Amino acid sequence: MKEIVVGLLAHVDAGKTTLSESLLYKSGTIRTQGRVDHESTFLDYDQQERKRGITIFSKLSSLTFNNTKMTFIDTPGHVDFSGEMERALSILDYAIVIISGSEGVQSHTKTIWKLLEHYHVPAFFFVNKMDMSHYSEEELLSSLHTLSDHIVKLDNHEEVAMCSESLLDSYLEKGKLSDEEITSAIASREVFPVLFGSALKNEKTVALLEMIDQYTKSPSYKDNLSGIVYKVSHDESGERLVHIRLTGGSLKPKDEINGEKINQVRIYQGANYTLSKDSHAGEVVTLTGIKNLEAGDVFGDERAQSHFLKPYLLYDIDLHEGEDQRRMLKHLTMLKEEEPLLHMKMYTDHVQVSLMGDVQIEILKDIMKERFHEDITIGNKKVAYKETITSSVEGVGHFEPLRHYAEVHLYLEPLNQGEGLQFVNNCQNNLPEHYQRLIMTHLQEKEHLGVLSGSPITDMRITLLGGKAHDKHTEGGDFREATYRAVRQGLKSTTSILLEPYGHYTLVIPSMHLSKAFYDFENYDTPRIEDDDGTIAILKGEAPLRFLSDYQLSVLHYTKGEGSLMIEEVVYSEVKEDVETDYDSELDRDNPTGSIFCSHGAGYYVKYDEVENKMHLPFFSLKKENTQSTHRAMTVSDEEVRRVYEQTYGKQERKLAKDFYGAPKEAETSAMMSKRKEDCLLVDGYNVIYADKKLTEIANENLGAARDHLVDALCSYQGFKKGVLIIVFDAYQVEGGRGSMEPYHNVYIVYTKEAQTADAYIESATKKLASEYNVIVATSDYAEQKIVVGHGATRLSARELLLEMEAVKKEEFSTFERKNVIVPNTLMEDLDR
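Using my numbering, the letters of the sequence shown map in sequence onto residues 814 to 1646.
If you're looking for bench data, these hints aren't it; they were derived computationally from the structure. Among the clues, some could well be false.
[Stated by the list, open to error] Lysine-lysine pairs mimicking BS3-like chemistry, simulated, CA-CA at most 30 Å apart:
| hint | residue 1 | residue 2 |
| --- | --- | --- |
| 1 | 1178 | 1194 |
| 2 | 815 | 882 |
| 3 | 1104 | 1259 |
| 4 | 1195 | 927 |
| 5 | 1507 | 1427 |
| 6 | 1285 | 1420 |
| 7 | 1104 | 1182 |
| 8 | 1353 | 1123 |
| 9 | 1194 | 1329 |
| 10 | 1067 | 1490 |
| 11 | 1074 | 1389 |
| 12 | 1566 | 1506 |
| 13 | 927 | 815 |
| 14 | 1580 | 1074 |
| 15 | 1158 | 1389 |
| 16 | 1035 | 815 |
| 17 | 1199 | 1420 |
| 18 | 923 | 1065 |
| 19 | 1581 | 1104 |
| 20 | 1581 | 1566 |
| 21 | 882 | 989 |
| 22 | 1030 | 1090 |
| 23 | 1580 | 1535 |
| 24 | 989 | 1017 |
| 25 | 1090 | 1074 |
| 26 | 1104 | 1420 |
| 27 | 1074 | 989 |
| 28 | 1074 | 1149 |
| 29 | 923 | 1194 |
| 30 | 815 | 1065 |
| 31 | 1194 | 1149 |
| 32 | 815 | 987 |
| 33 | 1017 | 1067 |
| 34 | 882 | 1182 |
| 35 | 1123 | 1194 |
| 36 | 923 | 966 |
| 37 | 1182 | 1149 |
| 38 | 1067 | 1090 |
Only a predicted model underlies this, so the values are computations on that prediction, with no experimental measurement involved.
Full structure from sequences and hints, please.
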């Protein structure tokens, strides 16, 4: 049987939930057909949804029609809950876009259309409420063609054929199109079928089911266990639910995902669920027992997709004295799991959250009251600003406290509006590749803040030009500090501008109120009159969202409910008015603009505008082209160097740089390669910490800091190695600890669960991994060494690991020095060090 997942998408009040009710009823899945206005629908079972008559949370229902099992996801239609709708798109095979026949294409319909294009989802259109529409099918089809000319009726093969050259060629040759050709065209988003009907009266809903059954096909799936997390929620008992689409393999209770064991596999049908013993690829299931997967995460062979929608409004939730603030923050954090767009920022007297609109904040208040019995007070509302630069600059970050060293040079250049952030590696000196990778990771892992208001930066390209490390003192975390500081120093060294969200709006009002509308917009660009028949006027224009977000209520008030404001698109543009901000970039300790240098055995802070006088590498951007071409010209021929050397001094036995860079010592046959296992190094974290004098001193002051030092050092070490590296930390005495395994850069970090020692975890892991990996265990615990050797692992003492880490670091630097002798340090630079 064919199995597909179909999303129901619509603007608010288009009749989406009514359509899902009709589809379930006509397929025989439910016995009675509910109504939204009677609060009796199968899917809108949440109290908030029934009270407001809108869908707030996406929900599942399944039906079987002919030879097709269809899993429907009913998504929210209100613009404030677009984030919930977008997350569902990542798991869809097809979508049904519902249009109200009374209204035609709306602003939110255009947003849905862009999202479908972003996620490459094929779509069917259902124009609903035709029983009460005063528009003809031709007029509504003309409205749909503002989205795409490829939205057509399938019974007109001539129109369908015009959607692609291959269809046209086939139609001209045979005079008709086959079902297979139409199915393929729909799947490739060349054709978008449309039907006109009424869900309330069950008109054309069976035809819609027949169309989906006839003109869809099952997707292909992966062999390995893979999936997409599209939602996280909590049931009535507080159990954390992880909603996924399996895109490969199978899943059953007690299986593990990223080291976490699944308790239950549920299959939901509305508010009810059944337990599954074995789920297969293609199914949408809900898991319990998983704590570390978030909405938007993927596992297995899946690749994460970038999100399209971002919240533009910030709200303050006031924290009053006497309230249990810790309890409130715990509940807000739970809601953030369910709505990832709800970013939280902590202040002394309030929490700032980002949301899509006023309706969503009201729902948040009601949910806090209903689920957690918490009353929250909403304070100020403001828009989410961003920042960019107007001219290019080279930013320099230097981090050199005692026994640390890293310097990074970045080139920041502005991009066009809406292009976002781009990161490019164009390293022009002999910085080792693993450090280059670290820098690129650090650039992309953080939301970099601007220097005007502390808002996120956008619309710029950041290019790695070069950097410098020290063969003894560079630790893994040093380049993180230097990279962050290079971005901030560059921003401070050029001109930044503040950006705010602007909405492209359509204002529909009675003509008698035109003068009022023009007066309201006098501080912004003058609205354009698109149409005015003397009764109704349509105006379009662009204005700041901070004005438009509250203007809808004003429109309803002065037009007595006869007017409407639709915001069709939001873009970031330069702020045209003076905006007061209390942000001081020089006081932001979490995002410093200056650098740390070392003198007389102690580190000291250098302000951003003095870094140029202290930096150890010269600017790259001033000689960008020359440096790159010269460097390439001098390093193109190692063979020529070898020939001249041997003619002068005789044949040399010492290996050249290329011998250390991937050249095999002996030819390996495919048979040898197939027998070789990948290395897996298991490190007893605390055992290694207390085997090192420096780390022990740090641990005596702050165990967490010592742990971070070790992890960063092992990340750097792993950059030279192949295989897998797992660092295990003992959480034996952590009350309630459930244990976790999480990726960190190029290693995995494990915290054992309560009452489980690191020794016990490593012993168990060695048993499981020995068949697939060449397991190496780094610990100085003699008893543990004997046990793991018995399980087929190789033992490595903590001291031996530390010595190997130091040796690898020295070998790599000496290797790079030999390979890049054509770029020597200057005499002054050596004296300075």
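(message) Output the indices of the hints that this structure fails to meet, ascending.
(response) 11, 18, 26, 27, 33 and 34
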